[in-house]
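Student: Let the sequences and hints guide you as you build the complete structure.
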Amino acid sequence: MEVAAAKALGAGLAVIALAGVGIGIGNIFSAMVTSVARNPAARDAVFPIGILGFALTEAVALFALLIAFLILFT
Amino acid sequence: MAADSKIDALGQFELHTALGPLGRSVNFTQSNLMMVLGGALIIGTLIYGMRPRAVVPGRLQSLAEIAYTGIMSMAVGSIGPEGRRFFPFIFALFFFVLMGNLLGLLPYSFTYTSHIAVTFGLALMVIVVVTVVSLRIHGLHFFSYFFPVGAPKLLAPLIIPIEVISYLSRPVSLAIRLFANMVAGHVMFEVFATFVVLLAGAGALGTAAGILPMAINVVLVGFELLVAVLQAYVFAILTCIYLHDAVHLH
Numbered sequence: 001m002e003v004a005a006a007k008a009l010g011a012g013l014a015v016i017a018l019a020g021v022g023i024g025i026g027n028i029f030s031a032m033v034t035s036v037a038r039n040p041a042a043r044d045a046v047f048p049i050g051i052l053g054f055a056l057t058e059a060v061a062l063f064a065l066l067i068a069f070l071i072l073f074t
Numbered sequence: 075m076a077a078d079s080k081i082d083a084l085g086q087f088e089l090h091t092a093l094g095p096l097g098r099s100v101n102f103t104q105s106n107l108m109m110v111l112g113g114a115l116i117i118g119t120l121i122y123g124m125r126p127r128a129v130v131p132g133r134l135q136s137l138a139e140i141a142y143t144g145i146m147s148m149a150v151g152s153i154g155p156e157g158r159r160f161f162p163f164i165f166a167l168f169f170f171v172l173m174g175n176l177l178g179l180l181p182y183s184f185t186y187t188s189h190i191a192v193t194f195g196l197a198l199m200v201i202v203v204v205t206v207v208s209l210r211i212h213g214l215h216f217f218s219y220f221f222p223v224g225a226p227k228l229l230a231p232l233i234i235p236i237e238v239i240s241y242l243s244r245p246v247s248l249a250i251r252l253f254a255n256m257v258a259g260h261v262m263f264e265v266f267a268t269f270v271v272l273l274a275g276a277g278a279l280g281t282a283a284g285i286l287p288m289a290i291n292v293v294l295v296g297f298e299l300l301v302a303v304l305q306a307y308v309f310a311i312l313t314c315i316y317l318h319d320a321v322h323l324h
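So the protein lines, in turn, are chains A and B.
The numbering of the first sequence is the working numbering, which starts it at 1 and goes up by one.
The numbering of the second sequence is the working numbering, which starts it at 75 and goes up by one.
In short, the hints are calculated from the structure, not lab data.
Since we're looking at a predicted model, the values are computed, not measured.
Errors might be hidden in some of the hints.
Which residues of chain A face chain B? A partial, calculated answer using Cβ under 10 angstroms [unchecked claim]: (1) Leu13; (2) Phe47; (3) Pro48; (4) Leu52; (5) Phe54; (6) Ala55; (7) Leu56; (8) Glu58; (9) Ala59; (10) Leu62; (11) Leu65; (12) Leu66; (13) Phe69.
No residue lacks a Cβ here, since even glycine has one placed at the ideal position from N, Cα and C.
Tutor: Structure, rendered in structure tokens:
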């Protein structure tokens with residue numbers, strides 16, 4: 001198999017990890033919406049934690065993307 | 075004109091010297107130029123904003139005051155009353171990263187936080203400050219941080235290495251989170267822009283179809299604005315959380 005094809009396959013495999021990240025981000029916002037629906041006054045307390053959780057989960061997505069870029073471009 | 079089959083996504087991050095022969099003599103790159111510009115903007119906003127010293131602030135003074143109180147409440151809220159000592163550090167860190175992320179969204183500029191050298195330097199500084207602060211406050215008792223209270227003693231040979239590795243992985247994750255967010259955003263800009271150019275090379279129908287990647291790019295710039303502010307906030311709040319751990323040892 002030539003190197004370019006192997007690189008493309010490797011990058012494609014690496015981004016499968018984003019499925020887990022999608023589930024994680026959905027979980028965070030589902031919890032946030034549920035908590036605000038049960039107790040609308042909690043919105044200002046829950047929102048910063050929700051955004052922090054989203055950013056940390058997105059970081060995992062970018063770790064996977066980083067590996068994909070490393071495989072593809074070096 | 076032959077169309078390039080490879081999309082050059084990473085060439086935009088190469089550094090060239092700015093400011094002509096003066097820049098070439100000291101290797102002053104566009105990254106350094108953006109750092110100077112970002113720093114000047116923050117310092118200028120603070121100095122000119124606070125110049126009127128009105129009790130009821132005008133717009134620029136409001137901006138400066140909101141910046142100050144926002145970061146102060148973040149530091150004191152996360153670290154506790156001792157957080158006041160770390161306020162200048164958190165303030166400088168937050169606004170340096172914010173300027174790096176935001177200035178890169180202007181055309182023909184450069185995102186200096188898209189280089190792992192810059193972000194890893196910042197993350198290394200954070201972990202060194204946090205460790206030194208903790209050692210100064212708690213002395214050698216700092217090492218009890220790696221063995222949480224109440225954990226079964228028999229598991230110590232397993233828990234302590236895991237805790238040490240997770241502590242040492244903090245600067246790595248801080249650096250890579252910021253760097254990868256910025257690189258991914260700008261690579262996507264370049265890829266969709268290249269799509270527009272490639273489609274335009276395919277004739278009149280292609281030029282009309284080029285509206286679609288252009289529209290996606292517009293939405294992407296909006297998303298990257300959010301990501302820029304969010305990543306600066308996350309960097310600062312994680313530094314505050316690590317400082318809380320350092321000061322309170324749990």
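Student: Please flag the earlier hints that this structure goes against, numbers listed from lowest up.
Tutor: 1, 2
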